[in-house]
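A.B. asks: Residues per chain, in single letters:
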Amino acid sequence: MMRTCLLSFLFSLSAIAPTPKQSPEPQFKLSPLRGIDFVLRNSPTSRKYLIETMPGGVALLDYNNDGLLDIFLVNAGRVADPLRGPADFDRHNPSYWNRLYRQNKDGTFTDVTVQAGLQNAGDTNYGMGVAVGDYDNDGFADIYVTNFGRNILYHNNGDGTFTDLTAKAGVGAGGWSVSAGFFDYDNDGHLDLFVTRYLDWTPEKSKTCGRIAEPMYCPPGEFAATTNILYHNRGDGTFEDVSAVSGISAKPGRGLGVAFADYDGDGFTDIFVANDAIEQFLWHNNGNGTFTEVALDSGAALSSTGKKLSGMGVVFQDYDNDGLPDLIVTQLPHEPYVVFHNDGKGSFSAQELETGFGALSGNSSGWGVGLEDFDNDGWKDVFIVQGHVFDNVHMYDSSLNYREPPLFASNRRGHFEKGDAGSDLPVAGRGAAFGDLNNDGWVDVFTTSLGEGPQFFSNRGGKAHWLTITLRGKRSNRDGYGARVQVNGQVRFATASGSYLSSNDKRLHFGLGSADSCAIDIRWPSGIHQKLRGIKADQFMIIEESEP
Amino acid sequence: MIIQAVLLVHLLLPAQIAASQSPPEAARLLQSATDAENRGDLEQAIVDFRKAVELSPSSAIALLKLGDAYMRKQDYGAAIPPLQRAAELSPDSVSVHQLLGYALLSQGYAAEAIPHLEIAHESGALGIAQLQADQPEEAVINLKNALAKSPDDPDLIYYLARAAATLSSEFNEKLLAQFPQTARGHQVLGQSYYSAKMFPEAEGEYEKAIALRPDLPGLHLELGEIYAAGSQWTQAEERFRAETKLQPGNAEVAYRLGDALLQGGKMQEAAQELRRSDSLRPDMPETLYALGRALVVSDPNAAEQALDRVIAVEKQSQLAGQAYLLLASTHRKQGKSELAARDMAEYKRIHSLTSKTEQ
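Protein chains in written order, with the numbering used here: chain U, 1 to 548; chain X, 1 to 359.
Next up, chain U with everything else stripped away, as it sits in the complex (with noise of 0.2 Å):
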């Protein structure tokens, strides 16, 4: 087993043993999960308020490390009709409730968002997304909600039990924020944050478009651009707004989605911004607390016939098995979701029509994404909620949709294939957050749809082998975010970041074909490079960052 295992680290692409491909059934089940009522009311008006149609985000996360994954669903808030300032969002109110679902461990779930104490959203802020991440490395995930309004950070007390210290952190942002990720940009051991924000507008400043006797949602340029933002961590409980010093405030943007990796290899993490009809924004980590932005010279900025995409959903991970991190972009329909293909030395060429995404979203609109390796075989596939952002689209175009079932395509050693996501029920679907939720060692998927419960999509299995590793850094964050970790070949960028407007699991899934051991390879953010042979597959890991 051993000689498998080494064999497949010294010839990564050719050695992945893949498994026969082709199971008759779906690889997932649409499946309900007891004890989950939530439902995303984002209140649609008759003025078409923009943030109606963006939300909302869902996290897994295990909170009470009981080693199973919880979720946390964040609602929207009632929209006025119309919406007159300072607006109230009714947030007080339980239907508009953020909510924590316990995993119990007979597989249901339980409410305790009012024993977490999460009760409180806030009347003015309407809401968006949610990032995980145990800023002050003390073992427990901390939850960060963003906002149009103020965001929230609510620590987690080890208890159970959260506490809103969004003033004491200095965190609260404010405009219309969307996506946010923690991750380590100066690897100094503790998280940063880094929110997306969208657009310069408020009620008083909102529009409607399309024709008086159907009026539509406007078009994102319709409103001016704004900035996104970056806090430091300062490693005593609380964060500076560095956006301005550190180059991340020079270029304002209409940001949704964020995904983080080191795509040129020089041991600082990067981030990629899904922008919305502009160029997408790569932000280079200089190493030196500062940034500089490169996506149109990295060829990360443009789909491959030069044209600026809606950039929503985002995941920044390997799809090919070459070592470096790609991008996979979501957008509205006409023009496929992008694949930028990472081609080595800090550039991409974007190549979504060699990998089949041509033929496979041409006409639908993506949001959430997730790029895992959902059969085991060793190759990340892709899974896709869509729906388009108007909700009379098909007005306009009858060739579109609002609600769309989401796509699952399988990766055939890089190339995309339409698969079975298990349902066709077609749903306006916002956010996805990808996880073992069952501890199976098959990657789940949770979503959340606009005016609808959340769809949970339980991976069918198979016979394949895997290894799922949760990292624990000692001198890097404790959440090890930012590592680079190579199983057999094949790279995963440890972060709970990506998607749109959510947080995956933490831990790093690693499909391993018909290998039953393997070897690991870890770069912390540390510097510290930590090999593990024989290892076997079919297990849950923990991997404690290890001494210098």
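Heads up, a few of these hints could be off.
[Stated by the list, open to error] Pairwise CB distance ranges (calculated):
hint, chain 1, residue 1, chain 2, residue 2, range
1, U, HIS394, X, GLN247, 30 to 36 Å
2, X, ALA196, U, LEU68, 52 to 58 Å
3, X, ASP215, U, HIS394, 50 to 56 Å
[Stated by the list, open to error] Below, computed lysine to aspartate or glutamate pairings styled on EDC-like, alpha-carbon distance capped at 16 Å:
hint, chain 1, residue 1, chain 2, residue 2
4, X, LYS348, U, ASP397
5, U, LYS207, U, ASP81
6, X, LYS197, U, GLU279
7, U, LYS48, U, GLU279
8, X, LYS333, U, ASP81
[As the list claims (entries may be wrong)] Pulled from the structure, derived: some chain X residues nowhere near chain U, Cβ distances all over 12 Å:
hint, residue
9, TYR109
10, ALA148
11, GLY185
12, LYS356
Please keep in mind that the hints were generated in silico from the structure rather than gathered at the bench. Positions of the beta carbon are idealized from the N, C-alpha and C atoms, including for glycine.
For chain U, the structure is supplied; the task is to place chain X on it using the hints.
C.D. replies: Okay, now just chain X, sitting in the frame of chain U:
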């Protein structure tokens, strides 16, 4: 419908009218009216011209000048009777027919205006009158002639577009009324649905048309374009492939098939078909760009050649900018960073130019 836009007519008095005899008092009134007109006092001019006409009711010049004064006052209805009388008296006068044609057209008497505008050779106004008088075929001819003389006139372009659309609509209605169950009938309906973005209905009509006449060139192509608009590349490919069998020497059909293959991710097949299109009609920039795109990963050198040809043909256009962007990607991948930087500089320059043009 009343035509509001009346073109300014410069009154040229034909020699035979100007030379006609008038009583001295009428001649004096004509002169004072002309003076008043020159001063811009149209009211006084009209009073004097009317008096001159009363004194000399057979004076074509007085009648013409009275009509002209009314025209200048934009009182087209009042201009018609004196101009009609002038036309009776001077049937060969181009100026009289010109003014009368415009006056009648402006008052909604399009059919009545037509013979006068024909005599005056006013092809633009004649085309408009013919369009109003339900003669779109003739209108198209005359408006095209007028547009050839004044190619930048937006009014003429507008009326020509309307006339062509009316003509097209008339023939389509005729086709549908007389031959509803024919391939052409379904094709026309399919085109209408497609224009209205009713894609499923359009597809249905084309399917019916093809079932009736699978050998008819154009049907598969148009249905393929509907599928392509909906990013249904497999179906588009199937239809374009069927069209290539009907039109094997058609470069555009080959390009469409090549592009559908490209969008569907079949890069090698796409390159093959796009090369065939290029051989049928060399230097078609869209074909060359698509060929470059198809080859960019598998054969960067060949891609570069195709993209260089796009730039040679297109120079400063948006497509040339796209070609530079793709070349930059190719050169980056090949480690040719200086070339990539040059390509990016060209892309940015062209992008800046084309963005300004769009604004």
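A.B. asks: Are the hints correct? Go through all of them and say.
C.D. replies: Okay, the hints, checked on the actual structure:
1. U:HIS394 with X:GLN247: 30 to 36 Å: Once the Cβ atoms are compared, 35 Å apart, the range 30 to 36 Å for GLN247 of chain X and HIS394 of chain U holds.
2. X:ALA196 with U:LEU68: 52 to 58 Å: holds, 53 Å
3. X:ASP215 with U:HIS394: 50 to 56 Å: The hinted range 50 to 56 Å is violated for ASP215 of chain X and HIS394 of chain U, with Cβ atoms some 35 Å apart.
4. X:LYS348 with U:ASP397: violated, 33 Å
5. U:LYS207 with U:ASP81: holds, 13 Å
6. X:LYS197 with U:GLU279: The hint is violated at about 29 Å.
7. U:LYS48 with U:GLU279: With Cα atoms ~26 Å apart, LYS48 of chain U and GLU279 of chain U exceed 16 Å; violated.
8. X:LYS333 with U:ASP81: violated, 53 Å
9. TYR109: Check passes; 36 Å lies beyond 12 Å.
10. ALA148: Correct as stated: the minimum Cβ-Cβ distance to chain U is 37 Å, above 12 Å.
11. GLY185: holds, 22 Å
12. LYS356: holds, 16 Å
Checked against the numbered hints listed earlier, the structure breaks hints 3, 4, 6, 7 and 8; every other hint is satisfied.
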